[in-house]
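4 protein chains.
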Amino acid sequence: MAGSTFGKQFKITTWGESHGAGVGVVIDGCPAGLSLSSEDIQLYLNRRKPGQSRFTTPRKEDDAVEILSGVFEGKTTGTPISLVVYNCNQKSKDYSEIAACYRPGHADYTFDAKYGFRDYRGGGRSSGRETIGRVAAGAVAAKILKELGINLTAYTKSIGDISISTLDLAEIANNALYMPDADAAAKASAYLDTCMQEHDSSGGVIECIIDGMPAGIGEPVFDKLDADLAKAIFSIGAVKGFEIGDGFLTSFAKGSENNDAFFYDENGNVCKKTNHAGGILGGMSDGAPIVLRAAVKPTPSIFKAQQTVNRSGENITLEIKGRHDPVIVPRAVVVVESMAALVLVDALMENMSSRLEHMIEFYNS
Amino acid sequence: MAGSTFGKQFKITTWGESHGAGVGVVIDGCPAGLSLSSEDIQLYLNRRKPGQSRFTTPRKEDDAVEILSGVFEGKTTGTPISLVVYNCNQKSKDYSEIAACYRPGHADYTFDAKYGFRDYRGGGRSSGRETIGRVAAGAVAAKILKELGINLTAYTKSIGDISISTLDLAEIANNALYMPDADAAAKASAYLDTCMQEHDSSGGVIECIIDGMPAGIGEPVFDKLDADLAKAIFSIGAVKGFEIGDGFLTSFAKGSENNDAFFYDENGNVCKKTNHAGGILGGMSDGAPIVLRAAVKPTPSIFKAQQTVNRSGENITLEIKGRHDPVIVPRAVVVVESMAALVLVDALMENMSSRLEHMIEFYNS
Amino acid sequence: MAGSTFGKQFKITTWGESHGAGVGVVIDGCPAGLSLSSEDIQLYLNRRKPGQSRFTTPRKEDDAVEILSGVFEGKTTGTPISLVVYNCNQKSKDYSEIAACYRPGHADYTFDAKYGFRDYRGGGRSSGRETIGRVAAGAVAAKILKELGINLTAYTKSIGDISISTLDLAEIANNALYMPDADAAAKASAYLDTCMQEHDSSGGVIECIIDGMPAGIGEPVFDKLDADLAKAIFSIGAVKGFEIGDGFLTSFAKGSENNDAFFYDENGNVCKKTNHAGGILGGMSDGAPIVLRAAVKPTPSIFKAQQTVNRSGENITLEIKGRHDPVIVPRAVVVVESMAALVLVDALMENMSSRLEHMIEFYNS
Amino acid sequence: MAGSTFGKQFKITTWGESHGAGVGVVIDGCPAGLSLSSEDIQLYLNRRKPGQSRFTTPRKEDDAVEILSGVFEGKTTGTPISLVVYNCNQKSKDYSEIAACYRPGHADYTFDAKYGFRDYRGGGRSSGRETIGRVAAGAVAAKILKELGINLTAYTKSIGDISISTLDLAEIANNALYMPDADAAAKASAYLDTCMQEHDSSGGVIECIIDGMPAGIGEPVFDKLDADLAKAIFSIGAVKGFEIGDGFLTSFAKGSENNDAFFYDENGNVCKKTNHAGGILGGMSDGAPIVLRAAVKPTPSIFKAQQTVNRSGENITLEIKGRHDPVIVPRAVVVVESMAALVLVDALMENMSSRLEHMIEFYNS
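Protein chains in written order, with the numbering used here: chain A, 543 to 907; chain B, 543 to 907; chain C, 543 to 907; chain D, 543 to 907.
Okay, chain A solo, but in the shape it has when bound:
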């Protein structure tokens, strides 16, 4: 049952329920010597916190992170980093209806089927608040990657059938939807307004690009870099699809179209003319940018009446009340980026012992 730990070398364990005392994460295996402050982490958490726009719940949570261990005199010590965000906004509201029924599209029924009962307050462990631990840890991972010259950029690629047509990275932070295309963001906003008026919600797609990965990272068989990314991204609640590079389009392609031709650049480095592979060949990075995408389902909490069942054996009609985002995508952008960062740091650490000559150099010099 132990499923709240992720990673092998850079290992994180998240804990906490939506309406418990708080949520948090322990990072075990962070290399010593990284400068780290709570501000570094807060910047990431702010990207997912609610109340930022009309498309996120008006719930006001500060989501202020505290570092409880593992940092001394401003640097990581190599020992576990414990990060906590206390829950401040747990209203003592009446959860008896949610407690008694299974909301469509939620994990209510499956939790009960597994454990016999559940913490039903605000989604409990399957609440989006669980991702706070992931993002806090991802901020640390991303900072390590930056020191190694590796940068991640995630953004909203589409909402409903409105997709970006430019990739203007500077625009991402300018709109509430984190889209790198101001036009598309405007159209998507209008579409979401309609969804909200209809008491409905929308899905979308998140894309993440990783620059600067050296070639040869990842393990060739089960622990392929793309397989680990797939698991990481698919472990985010609402994700229903994952792609690397051309993804599902490769199923329509011919080999002559899909293969990326190698060439030597002026510095004698191996490069590729195209990047259909999305930066990974045979489960290892090939030096080109890694490109991944996640399909995110529409928020299951909608205000339309829905057919469902209660725990007493009755078919019922449910009308969900309260405050819910009409789209999960924008707040999940930083979660995707965080999970990708965790996978990359882990793979880079693991890779250091892949050649005997490197071990000899490391220990005998």
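A portion of the hints provided could be inaccurate.
Claimed, not checked - Some chain C residues close to chain A (C-beta under 7 Å, calculated; not the full set): (1) Ser546; (2) Gln551; (3) Lys553; (4) Thr555; (5) Glu559; (6) Ser560; (7) Gly562; (8) Gly564; (9) Asp570; (10) Gly616; (11) Tyr657; (12) Asn716; (13) Arg853.
Unchecked claim - Simulated crosslink set (BS3-like; lysine-lysine; CA at most 27 Å straight-line): (14) B/Lys685 to C/Lys550; (15) D/Lys617 to D/Lys685; (16) D/Lys635 to B/Lys550; (17) D/Lys617 to B/Lys635; (18) A/Lys846 to A/Lys635; (19) C/Lys815 to D/Lys863; (20) B/Lys685 to A/Lys863; (21) A/Lys685 to A/Lys550; (22) B/Lys814 to A/Lys846; (23) A/Lys688 to A/Lys591; (24) B/Lys591 to B/Lys688; (25) A/Lys550 to B/Lys550; (26) A/Lys550 to A/Lys635; (27) A/Lys815 to B/Lys846; (28) B/Lys635 to B/Lys591; (29) B/Lys617 to D/Lys635; (30) B/Lys815 to A/Lys846; (31) D/Lys591 to D/Lys635; (32) B/Lys591 to B/Lys863; (33) A/Lys550 to D/Lys685; (34) C/Lys635 to A/Lys617; (35) A/Lys685 to D/Lys550; (36) C/Lys550 to B/Lys550.
These are calculated hints, taken from the structure and not from any lab test. Note that the Cβ used here is the ideal one computed from N, Cα and C, for glycine as well.
Put chains B, C and D on the given structure of chain A with help from the hints.
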């Protein structure tokens, strides 16, 4: 670097290169008491072995499996099951060209980048022959699932842009492409003939349906059942995309369309009117059939001339010779089914200790 | 570097430094449905907290535990249990001397050798306070074991060369040394008084007996029950030796003396006439009580002058000041018990899927 | 149940039963570029093979190892190394008596208790032949260590109450008991002759010294270097006790006696005047030789009549026939050395990513 082991309770470790002495797998953690013979495993291996149709390499390999340990008097003992397939058809051909260059779409360059050199004969460890160990282990996992009333059915959903329009399971074994639609199979065969004439190859999509899973299997956070399936399927060489249920289509959907309504059936069981979720909610099975899909890229080995580089720093034109499948999909169908079976058995084993009352019942009765 | 996680199914991750904000543990994989309150845990923590007798540091710490997650309406939910003890008594004293030198018998030098620097305040991560997380988790594990009819009893077997000669379990809680022999406790107390007068410290031996384990628990090869216990107990800071059953005495024995004869008792159960094996055969429990022992070295912090080095390349004489226990053993008794409990719960959970017939029964009934 | 895999980075999985087709091991995670031949491995296997002296079973097994994968052109490739020793000497003898009863001191009863039945031929999976896989993998690990300047020397320290009084390493290979003291070896041989005449067996102690370990290797909390060594050595069938450095003697010592004083040597290296700690402080190597000891119980198979039970519910008298070593110790010497080597390589690989500055150096240079 240890990346050839998969699973936690039902743990498999594959080994072997295309042109070494053989390929194999050790299954550690198989429950005791399962009737098992080499025939059980051979049936699965035969579904991926070459030489079955004009769309697979004419290479004749028997791929005959031997059980070296873990089975006594016809039953598994609970100790490791070692399975081996000796390589019989390693021609002592000249590999100097492949050794010297990096084939587009292959792992040649990334292997070299990681390890400094590679076993270049026939793709070495990144050869499709590595999947023999997966399928042999998958056959054992599938047999356990069958004892529990769980059945997996994988098939080719599309090749290029030719997709099935019926789901006639009886038809799957009738055509060389493992398509559950005779018409689509005929069209796809014609399309592949064209690809071969053009010295090219095609991608496609594999789908797998799992019936009979009880609800509540899988862990709610990182080790979600769909996340583990994503990793399992993405660890297969040519896979570039993965979906559960409606997958990428959910990104276009509204919540009211995508949510599956619950109801009680006549026996008082919780059921769903639709299955957009593909049988998994919050990372745990919901009792509906699990539906997953994998996008498979076109075979990278094509006979058209391609631009690439050699290890001596030169840009070259490569013309691959030899024998290669024009499409990976049909032989990968049983690999997808096998990887899914491995994930499910593992999750079912892990789940047994999720409630204290079950532990008390198990040990105190 | 990730070395702060222990266990496979019942997995714990500890965090925290002696003089940081606090210390804690996350338990991932605790079965759902266990009644659990902070009092259950506090009882265990109180057995290791300082200030209980003249043989423990007079430092006054309440070590009050808080449950931050994983418990709902008084029962564990199956999700991670986060436990924290805030540090209240971190005096802002001057650590410059300890920071600059390597104390003999401590981890100062090895921490620096590994990480390049360390949190030197009060021992940092290698402080005895790290065991608070272990004991908090051990309390939960022990409560599960009790529900299964399994009980652990740990006590001080010897201090210096004063060893118990009776095993009066009722006496354990009556003396500050946790010895099951009032006479031995009195003699050991006098001996410790002498050590303190000499500004010195003493080692000792802890023994733990586990009753009620069913037979067949543990895995036969690397994850033997005794091997996992060995690792668990040896991971406690000051432990330098570990034994099961007759332990090192078996090296002097003959097979005819050391073998335990089996017989059937009046109820038809397989029993053993003796228990030289200490309840484990071939790595699996044999139904007899499990008996283990740990040798604990003397407290390395002594007030006598000692030769050592500083970080500036000089040989120096060190006189440690402050407050230190003259013996580690009594406070480590509950740590040994906790680590043993963690191993047993894990093994019991893992064992549930060892037979196919049990899986079929579990899922098909 | 998956307990046949050991190690995290350098991960081995053993398989095979005494009287099955063979025994073997898969090494996953061996660094690429190590020169490796079957002779390297055979040298280690020869140290444990039977028929070497009158104190080992006269059974003649060649135990010839074959490398099936992972080595190309004489060097490891970084992919799994599969090693197999086929069983040549499985006599089709009558095992009905052993099948029906539980031998004292063996795992017969516990195997049945766990799995419901067992492969009873020659001990099945709990046979000493299982260690062939460990030794084969240990040979590879030891070769890596040698490249890093680290050497392991294991030997027999005592048999019964005859202990070595000198440490003449050159003598180890000169006597059948692997004792570094010719006198002690002669006395122990005479003692074993007596044991054999009495149809009995003897226990003993194995010691292993490791030179050349750099300081700072191992993880400070649960995965302490000594904790991992404890588990590794305790996972060997007949081991009942484990010590590091002064071990159980530290329980009698005072802090002033047990602490090792640090000093700077002429080259400015941190050294210790004594080595009571056995080369490990706070779970990390301190640069001094690592010294460990294992207590090995007497061979449980003795020819004296013994009381036991059969599977039909009867108390019986058992007289074991066949061929058995009167002492396990000499053949286990190389097993101890192998297990220690596996732990050290793993810890050295894991340690490479413990500092950010090392990662930056590795990837940015």
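Going down the list of hints, with the structure as the test:
1. Restraint check, C/Ser546 versus chain A: the minimum CB separation of about 5 Å is within 7 Å; hint holds.
2. Given hint, C/Gln551 at the interface with chain A, holds; its Cβ is 6 Å from that chain's nearest Cβ, closer than 7 Å.
3. Checking C/Lys553 against chain A by beta carbon gives a least distance of about 4 Å; that is within 7 Å, so the hint holds.
4. The restraint placing C/Thr555 at the interface with chain A holds, with a minimum CB-CB distance near 5 Å, inside the 7 Å limit.
5. Nearest Cβ of chain A to the Cβ of C/Glu559: about 6 Å, under the 7 Å cut. The hint holds.
6. Given the 7 Å rule on beta carbons, the hint for C/Ser560 is violated: about 10 Å separates it from the nearest Cβ of chain A.
7. Below 7 Å, beta-carbon pairs count as interface contacts, and C/Gly562 has one with chain A at about 5 Å; its hint therefore holds.
8. A hinted interface residue such as C/Gly564 counts as satisfied when its beta carbon comes closer than 7 Å to some beta carbon of chain A; here the least separation is about 6 Å, so the hint holds.
9. The criterion of a C-beta within 7 Å of any C-beta in chain A is met by C/Asp570, whose closest approach is roughly 4 Å, and the hint holds.
10. Proximity of C/Gly616 to chain A is violated relative to the hint, the smallest CB-CB distance being about 11 Å (cut-off 7 Å).
11. With a cut of 7 Å, the hint placing C/Tyr657 at the interface with chain A holds, because the nearest CB-to-CB distance is about 4 Å.
12. Taken as an interface hint, C/Asn716 does not check out: its beta carbon lies about 37 Å from the nearest beta carbon of chain A, beyond 7 Å.
13. The beta carbon of C/Arg853 is not positioned within 7 Å of any beta carbon in chain A (closest approach about 15 Å), and the interface hint is therefore violated.
14. Between the alpha carbons of B/Lys685 and C/Lys550 the distance comes to roughly 26 Å, so the proposed pair stays at or under 27 Å and holds.
15. Restraint check: the Cα-Cα separation between D/Lys617 and D/Lys685 comes to about 12 Å, which is no more than 27 Å; the hinted pair holds.
16. Straight-line distance between C-alpha atoms of D/Lys635 and B/Lys550 comes to about 37 Å, which puts the hinted pair past the 27 Å bound.
17. For a cut-off of 27 Å, the pair hint linking D/Lys617 to B/Lys635 stands: about 21 Å separates their Cα positions.
18. Taken as a hint, the A/Lys846 and A/Lys635 pair is honoured in the structure, with Cα atoms around 21 Å apart against an allowance of 27 Å.
19. For the proposed pair C/Lys815 and D/Lys863, the alpha carbon gap of about 23 Å is at most 27 Å, so the pair holds.
20. Restraint check for B/Lys685 and A/Lys863: not satisfied, since their Cα atoms lie roughly 46 Å apart, outside the 27 Å limit.
21. Annotation: proposed proximity of A/Lys685 to A/Lys550 holds, straight-line Cα distance about 18 Å (limit 27 Å).
22. With a C-alpha separation of about 18 Å, the suggested pairing of B/Lys814 with A/Lys846 holds against the 27 Å cut-off.
23. Taking the CA atoms of A/Lys688 and A/Lys591, the gap is about 23 Å. The hint holds against a cut of 27 Å.
24. Restraint check for B/Lys591 and B/Lys688: the C-alpha separation of about 23 Å stays at or below 27 Å, so the hint holds.
25. As the CA atoms of A/Lys550 and B/Lys550 are separated by approximately 13 Å, the hinted pair is consistent with the 27 Å bound.
26. Of the supplied pair hints, the one linking A/Lys550 and A/Lys635 is violated, its CA atoms being roughly 40 Å apart against a limit of 27 Å.
27. Using a Cα cut-off of 27 Å, the hinted pair A/Lys815 and B/Lys846 holds, with the two alpha carbons roughly 17 Å apart.
28. Only pairs whose Cα atoms come within 27 Å are accepted, and B/Lys635 paired with B/Lys591 is accepted, the gap being roughly 21 Å.
29. A distance of roughly 21 Å separates the Cα atoms of B/Lys617 and D/Lys635; the hinted pair therefore holds under the 27 Å criterion.
30. Distance hint between B/Lys815 and A/Lys846 is fulfilled; the C-alpha atoms sit about 17 Å from each other, no more than 27 Å.
31. A threshold of 27 Å between alpha carbons decides the hint, and for D/Lys591 with D/Lys635 the separation of about 21 Å falls inside it, so the pair holds.
32. Of the pairs offered as hints, the one joining B/Lys591 and B/Lys863 holds, with about 21 Å between alpha carbons and a cut-off of 27 Å not exceeded.
33. A threshold of 27 Å between alpha carbons decides the hint, and for A/Lys550 with D/Lys685 the separation of about 26 Å falls inside it, so the pair holds.
34. Restraint check: the Cα-Cα separation between C/Lys635 and A/Lys617 comes to about 21 Å, which is no more than 27 Å; the hinted pair holds.
35. Our distance criterion of 27 Å between C-alpha atoms is met by A/Lys685 and D/Lys550, whose separation comes to about 26 Å.
36. Annotation: proposed proximity of C/Lys550 to B/Lys550 holds, straight-line Cα distance about 9 Å (limit 27 Å).
Going down the numbered hints, you'll see the structure goes against 6, 10, 12, 13, 16, 20, 26, while the others check out.
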